[in-house]
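Chain residues, written in single-letter form:
2 protein chains.
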Amino acid sequence: MASLLEGQARPIRLADIAKAAGVSHGTASNVFSRPEIVRAEVRERVKAVAEQMGYAGPDPKGRLLRAGKVNAIGVATTEPLSYFFDDPFARVMMAGISEACDATGAGIALVSAANQEKLAWNVQSALVDGFILFCIEGGSRLVDLTRERRLPFVALELGFQDETVSAIGVDNVAGARLAARHLAELGHRRFAVLSLGFADNRTGFVTPEVVRSAVYTGTRDRLAGYFEELSGFGIDTAKIPVYETENEEKSTRAGLEAIFASGQPPTAILAMSDRMALIAIDWLRARGLAVPGDVSIVGFDGVPDGALSTPPLTTIAQPITEIGRRAARMILDHDGAVRRETMGVEFVVRGSTGPAPKA
Amino acid sequence: MASLLEGQARPIRLADIAKAAGVSHGTASNVFSRPEIVRAEVRERVKAVAEQMGYAGPDPKGRLLRAGKVNAIGVATTEPLSYFFDDPFARVMMAGISEACDATGAGIALVSAANQEKLAWNVQSALVDGFILFCIEGGSRLVDLTRERRLPFVALELGFQDETVSAIGVDNVAGARLAARHLAELGHRRFAVLSLGFADNRTGFVTPEVVRSAVYTGTRDRLAGYFEELSGFGIDTAKIPVYETENEEKSTRAGLEAIFASGQPPTAILAMSDRMALIAIDWLRARGLAVPGDVSIVGFDGVPDGALSTPPLTTIAQPITEIGRRAARMILDHDGAVRRETMGVEFVVRGSTGPAPKA
DNA sequence: CATTTTTGTTGGATCGATTCAAATTCCGCT
DNA sequence: AGCGGAATTTGAATCGATCCAACAAAAATG
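Chains as they are written, first to last, in this note's numbering: chain Y, 68 to 426; chain X, 68 to 426.
Among these hints, one or two may not hold up.
Put simply, identical chains are the same to the list, so a pair is met inside one copy or across any two.
As the list claims (entries may be wrong) - In silico SDA-like links for lysine to any residue, alpha-carbon gap of 25 angstroms or less:
no., residue 1, residue 2
1, Lys-114, Arg-257
2, Lys-114, Glu-184
3, Lys-185, Tyr-150
4, Lys-185, Glu-166
No wet-lab data here; the hints were simulated from the structure.
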């Protein structure tokens, strides 16, 4: 009878092997996980039986529950999954994370979701030992969701108000000052800022009120850096248009349209991301404006694409790969402490900035 | 006493909540997984207790074992993890896979390993419902390893001898013929081939013997396609140098050196990947040879970078994203059958090919 | 030969949930 | 009050392994 059922779809379990080989499940387990402690003869017999019965090896699902550790880290974002492979910033970051994971043999699980409920479910059911959060649009919700899992997690590249969450970011103020100073020293006096989000789901010109109530303090800090430095040059920062985008094509172009609609177009653009800066370069060229002849642009991030554009982009480079590595290690050797690291930035002068045009 | 131990690190389990709320495990479980079937009053009480005790929600590790399904697909390669974020071909493929996964809410687990033992371990312990295999260097070993898991899997972009493994690839012969015909029609008569691997760990000029014993029949088919077509133009294919590389910079450059060392350099290069073709363009320019003035090049793959190079690359484009989507769906709606799909290719003429130079 | 050590093996407990048949409670109705 | 059926709740079984204390057998020691 039993033999009639053997062809069944039901996968073979370790216990089946043990019974068939006439050993206890303990021993059978040892054959696979610590073969050296079981007598050679027994070991071979069990292995033979396993082979013959078509045993797939200890099922990680079972092992997992016992071991408690998954040996994988989750990387989450509110963007669709393809974000990890499309976005240049994300890619460099992932390279750093990959490096640290490769070194310790940990895996990477990508978590994301088209819609809110799915995001929640995906975060709740991800099989990981901890999370690295890409806090872009919707970052605060992602942080809340993740916190519920009570697993270690690190937020990337944001100044999050909340000092109770671990985070790695860069010195936004210092970076922004570098960018602003460079342009001011080149003689620029009319500026515009292409800004990242201050809060979720907003775009358009930014008011002091928006800045004051910023959720993303990283954005606020960059703006503060720009303004502090420019003030030092006697520039009236209150007059500088600051347009908040979603860091993608559509809203950035809308921002440029709005900025250049005025009678006194800027000669210098401070972009809070290379992405926006690159989009701006394209937009300006299409409009017949020379970069840096008519308008100079400084980006922020230091993604590799910046070096390839024409003209190549002057930017504030974050140590993206290193941030990724550290974030991964923070999760991998988590010790329960909340850590907030601030990395330095590097100023990379390339071709998108030049002297202010003689008015 | 008990209260003294409560601050313990030990995470709270569903059973703890059940006990504290005075309900059975079953009911406690239902509160989280099917809240609608438990009486509102009880539900709220349990939720309150959970909240108050700091319960993280049902642990996916536990659920997993019971449910059996992970709801994630593993993507494996023998390259380091960063391959998924660096390599243009992989990135486009991942975008397709991501799309299918996003649509069904499945996650993606990246599997890879620096060395052989780790690869084995990672494949064996990956928590996934199935695998998509990037079969590049070392693909056959990866297939063997994966087969042992007895999970559904699909091999990508290779003609694998073994008809028992599911695979998705393109019509290599047809694609190669298109490329060869294009060049022959432009008047080219002296060719060289930059080839992908025929077997693992080989580089250098290829002999008929190597071709005959090819492990990667995809490579063999492309070569066959090139040769069939060229023969039709009365070209002696036996004289065409075929250099096998590892599809990266070093060996490709070595191949070019070797190919151009002869007295009769080719006027046309058939590259079996865009990667090699792009490297060749750089190499030729650095050598002072004009593309396509002195040498024409046709790639294979159709990665986005090809459109951006100078000159833009003429190539045989695979429907990479679509392949990724299908591969993911094959795993997601796996029905136990072995499927082998062959997709069509598209010939994309850009700027890297031109008429043969007048000798 | 008796006594310790060493080496291997056993089987129960555990990891953290879900499931389901059976038991119980609740309600409306005659 | 009594009854049937719907709505809830219970508790044991299960998922597939690993761990470990206890035991047994073999080898080394006195």
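The hints, checked one at a time:
1. For the identical chains of this complex, Lys-114 and Arg-257 are neighbours neither inside a copy (76 angstroms) nor across copies (57 angstroms), given an alpha-carbon limit of 25 angstroms.
2. In the homo-oligomer, the alpha carbons of Lys-114 and Glu-184 lie at most 25 angstroms apart only across protomers (19 angstroms), although the nearest pairing inside one protomer, at 45 angstroms, exceeds that limit.
3. With identical chains, the CA atoms of Lys-185 and Tyr-150 are at most 25 angstroms apart within one copy only, with a shortest distance of 16 angstroms there and 28 angstroms across copies.
4. When the C-alpha separation of Lys-185 and Glu-166 is checked against a cutoff of 25 angstroms, the pair qualifies only between copies, where the shortest distance is 14 angstroms, while the shortest distance within a copy is 29 angstroms.
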